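There are 2 protein chains.
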Amino acid sequence: MELQLILLSADEAALRLEKVRKEMSCHGIDAIVISDNANKYYLTGRVFAGYIYIPAEGQVTYLVRRPVEMKGQGIAYIRKPEQIREHIGPDVPATVGLETDIMSYNMVNRIMTQFPESRLADATAVMRGARAVKTASELESIRLSGVKQDHVYSLIPSLYTEGMTDIELQVEIERASRLEGCLGQFRISGDSMELYMGNLLVGENADTPTPYDFAMGGEGMNPSLPVGCNGTLIKPGDTIMADINGDYTGYMTDMTRTFYIGEIRELAKKAHKVSIDICHRLAKEGTPGTKASSLYDTAMEMAKDAGLENYFMGHRQKAGFIGHGVGIEINELPVIAPRSRDILQPGNVIALEPKFVIPHTGAVGIENTYVVTADGMQPLTHSPEELISLI
Amino acid sequence: MELQLILLSADEAALRLEKVRKEMSCHGIDAIVISDNANKYYLTGRVFAGYIYIPAEGQVTYLVRRPVEMKGQGIAYIRKPEQIREHIGPDVPATVGLETDIMSYNMVNRIMTQFPESRLADATAVMRGARAVKTASELESIRLSGVKQDHVYSLIPSLYTEGMTDIELQVEIERASRLEGCLGQFRISGDSMELYMGNLLVGENADTPTPYDFAMGGEGMNPSLPVGCNGTLIKPGDTIMADINGDYTGYMTDMTRTFYIGEIRELAKKAHKVSIDICHRLAKEGTPGTKASSLYDTAMEMAKDAGLENYFMGHRQKAGFIGHGVGIEINELPVIAPRSRDILQPGNVIALEPKFVIPHTGAVGIENTYVVTADGMQPLTHSPEELISLI
Numbered sequence: 002m003e004l005q006l007i008l009l010s011a012d013e014a015a016l017r018l019e020k021v022r023k024e025m026s027c028h029g030i031d032a033i034v035i036s037d038n039a040n041k042y043y044l045t046g047r048v049f050a051g052y053i054y055i056p057a058e059g060q061v062t063y064l065v066r067r068p069v070e071m072k073g074q075g076i077a078y079i080r081k082p083e084q085i086r087e088h089i090g091p092d093v094p095a096t097v098g099l100e101t102d103i104m105s106y107n108m109v110n111r112i113m114t115q116f117p118e119s120r121l122a123d124a125t126a127v128m129r130g131a132r133a134v135k136t137a138s139e140l141e142s143i144r145l146s147g148v149k150q151d152h153v154y155s156l157i158p159s160l161y162t163e164g165m166t167d168i169e170l171q172v173e174i175e176r177a178s179r180l181e182g183c184l185g186q187f188r189i190s191g192d193s194m195e196l197y198m199g200n201l202l203v204g205e206n207a208d209t210p211t212p213y214d215f216a217m218g219g220e221g222m223n224p225s226l227p228v229g230c231n232g233t234l235i236k237p238g239d240t241i242m243a244d245i246n247g248d249y250t251g252y253m254t255d256m257t258r259t260f261y262i263g264e265i266r267e268l269a270k271k272a273h274k275v276s277i278d279i280c281h282r283l284a285k286e287g288t289p290g291t292k293a294s295s296l297y298d299t300a301m302e303m304a305k306d307a308g309l310e311n312y313f314m315g316h317r318q319k320a321g322f323i324g325h326g327v328g329i330e331i332n333e334l335p336v337i338a339p340r341s342r343d344i345l346q347p348g349n350v351i352a353l354e355p356k357f358v359i360p361h362t363g364a365v366g367i368e369n370t371y372v373v374t375a376d377g378m379q380p381l382t383h384s385p386e387e388l389i390s391l392i
Numbered sequence: 002m003e004l005q006l007i008l009l010s011a012d013e014a015a016l017r018l019e020k021v022r023k024e025m026s027c028h029g030i031d032a033i034v035i036s037d038n039a040n041k042y043y044l045t046g047r048v049f050a051g052y053i054y055i056p057a058e059g060q061v062t063y064l065v066r067r068p069v070e071m072k073g074q075g076i077a078y079i080r081k082p083e084q085i086r087e088h089i090g091p092d093v094p095a096t097v098g099l100e101t102d103i104m105s106y107n108m109v110n111r112i113m114t115q116f117p118e119s120r121l122a123d124a125t126a127v128m129r130g131a132r133a134v135k136t137a138s139e140l141e142s143i144r145l146s147g148v149k150q151d152h153v154y155s156l157i158p159s160l161y162t163e164g165m166t167d168i169e170l171q172v173e174i175e176r177a178s179r180l181e182g183c184l185g186q187f188r189i190s191g192d193s194m195e196l197y198m199g200n201l202l203v204g205e206n207a208d209t210p211t212p213y214d215f216a217m218g219g220e221g222m223n224p225s226l227p228v229g230c231n232g233t234l235i236k237p238g239d240t241i242m243a244d245i246n247g248d249y250t251g252y253m254t255d256m257t258r259t260f261y262i263g264e265i266r267e268l269a270k271k272a273h274k275v276s277i278d279i280c281h282r283l284a285k286e287g288t289p290g291t292k293a294s295s296l297y298d299t300a301m302e303m304a305k306d307a308g309l310e311n312y313f314m315g316h317r318q319k320a321g322f323i324g325h326g327v328g329i330e331i332n333e334l335p336v337i338a339p340r341s342r343d344i345l346q347p348g349n350v351i352a353l354e355p356k357f358v359i360p361h362t363g364a365v366g367i368e369n370t371y372v373v374t375a376d377g378m379q380p381l382t383h384s385p386e387e388l389i390s391l392i
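So the protein sequences, as listed, match chains P and C.
Just so you know, we're using our numbering here: the first sequence kicks off at 2 and counts up by one.
Just so you know, we're using our numbering here: the second sequence kicks off at 2 and counts up by one.
Okay, chain P solo, but in the shape it has when bound (with noise of 0.2 Å):
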């Protein structure tokens, strides 16, 4: 039995290398050698072990070390990097784009001895740009994993009983999206993250800091995964927020809902309702064109108008953007933050997150994943924003 090597149709796989190709030629790039496994992912719908070579024109080789028997056109079989060149024609690209940004240092210098000739250029932005608009294909598997975590979360106040950790919910809570059909795995470009299945913060621990570049933070079930669930004790009067792993299809959505047990404090409730009132506003103002700082600039001026400045995406620590890209990473391009340069364009797949933290009851607000249209902002995460009571 041989395995097919691209997953993608004839007329996806072109478009996506199309993509591609014109980011190479905005960066003046004559050929790209792509390693990640996002990327590949992206080029060929399935993850190998190996690279692909893209000349600016001509023949795409994948160049295979696992796993054995694919077929397809252009494949060629390698142990190490060193074999590269003797595969991909005689053509001497004048700059050789690589993965600067993720690839390991001795890894591009094994690669570039297969270009003695070449100049080494960044191909990490090339990726990154191509991928931050969605093909329409893309934008259904990422539809379909907002409705698969949709029903999720509809589940969640069913699985809650009383005297439950936040741990011992987040468990019952990653086995209903397994069971959905959620792989788990939550694909983060670079290594300032890491996250096992979502994070579930309950009360206090919301306002613990995290080494990890994540909006929220929590002090985690043991100092080596710093992040969510501490073992906190879910009570009367604290926040539950949930949000967890979306990656139904190999493309995520990015979805967070607020729940609460009792009662629970009137700045928690209004900080909230400023946090879906933000995604509105920002739903409505993210046209194409809009720049990704302005959307970053309103949130940031809502939240101060409300007087929730002090509590706005964190308390005793900050997170510095309000929005990011999502797709088959969990952080890609555009970045909503106060100094990004990025300018929506229609096609681009958003996760807004306006949170607040609130001392001594915990975490509050919404977050959803949008795609740019001419219109706006739509919404692939639909799940009741409103808080939510657990029981």
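Rather than coming from a laboratory, the hints here were simulated on the basis of the structure.
There's no promise every hint is true.
Repeated chains share a single entry, so a pair holds when one copy, or any two copies, can fit it.
Here are the simulated DSS-like pairs of lysine-lysine, each with C-alpha atoms no more than 25 Å apart in a straight line [to be verified]:
hint	residue 1	residue 2
1	LYS305	LYS292
2	LYS292	LYS23
3	LYS319	LYS81
4	LYS319	LYS41
5	LYS270	LYS319
6	LYS72	LYS319
Keep in mind the model is a prediction, meaning the values are calculated, not measured.
Mind docking chain C on chain P? Use the hints.
Same frame as chain P, but now just chain C:
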């Protein structure tokens, strides 16, 4: 509330630092800048965003980006790597070691702007070497993970119900593991492997090649994560191989057991017994000073003598090793492979996994985690090794 940076005891932190400095000396490196989360966890007992600067002698500097509010000797808060130099004193190291095998090309170059007079060296091997021999405290953490993992494995038959698919059973094992305290995270160095929480291989799916450098494969639920369960119905005549995350303490054990239902082929039973025999023989022979390659050769010889070479370490696709170091990460030193130059040392922790793939039946064999002692390799995982009926 401030956070203590160093969570290790003073003695333990000093011991680990001494091991690292001894390796630095062997490699002729005058100072290292550590960035990798696993390495920072090794040196401090916690993960943080930032760097650790370790000169051959004198004060260690902890260059922290996040979390806020940490306290302890030698801490400096920085926003970016270009601020390292201003905090580490005036001495200029002739050679600076960075983790060039795992750190991105761009980050290496950014950090080296801080050391324009210094020569760059690879510190990856320094840290791998230091971490390969566990301290008594590390061994305790691994031992504890083994106890918990043993308990979860004892529950597996009770989690099975007739008509389950592989993924349905895996989800129940995941839940049982998490409730026992499994952290979920499966820390892997480099980008050659991706996995969510473990690998359950049922029947023929065990013979599907994976792109990853695992001993076994499996198709996976989606080509974005092509390993493990693929939705196979568990049926009589199948073997069910469970290789599930054993990270309960930040340090993990790695254990595999094989289950079955109904009548399975004699060939599978025979191969399973050979796997157990290989483990017992290697555990006896694995004294300090033993070549890792000779353990591999012995295993391969035993598989050949049993006439099972064609099924050993995979069938359609074969793995190139039969064991590996384990600790904070799943792929530590030593590597038990034919061309390994590693020599066993007291305190190495090694997972041995001599496994077989029997066509139309599935994977068989066991995996245990051992510590190398003067008397050979002592197991840290103790679950019954024979084939276990799920019903």
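**Message:** Please list, smallest to largest, the hint numbers that this structure does not respect.
**Reply:** No hint contradicted; all consistent.
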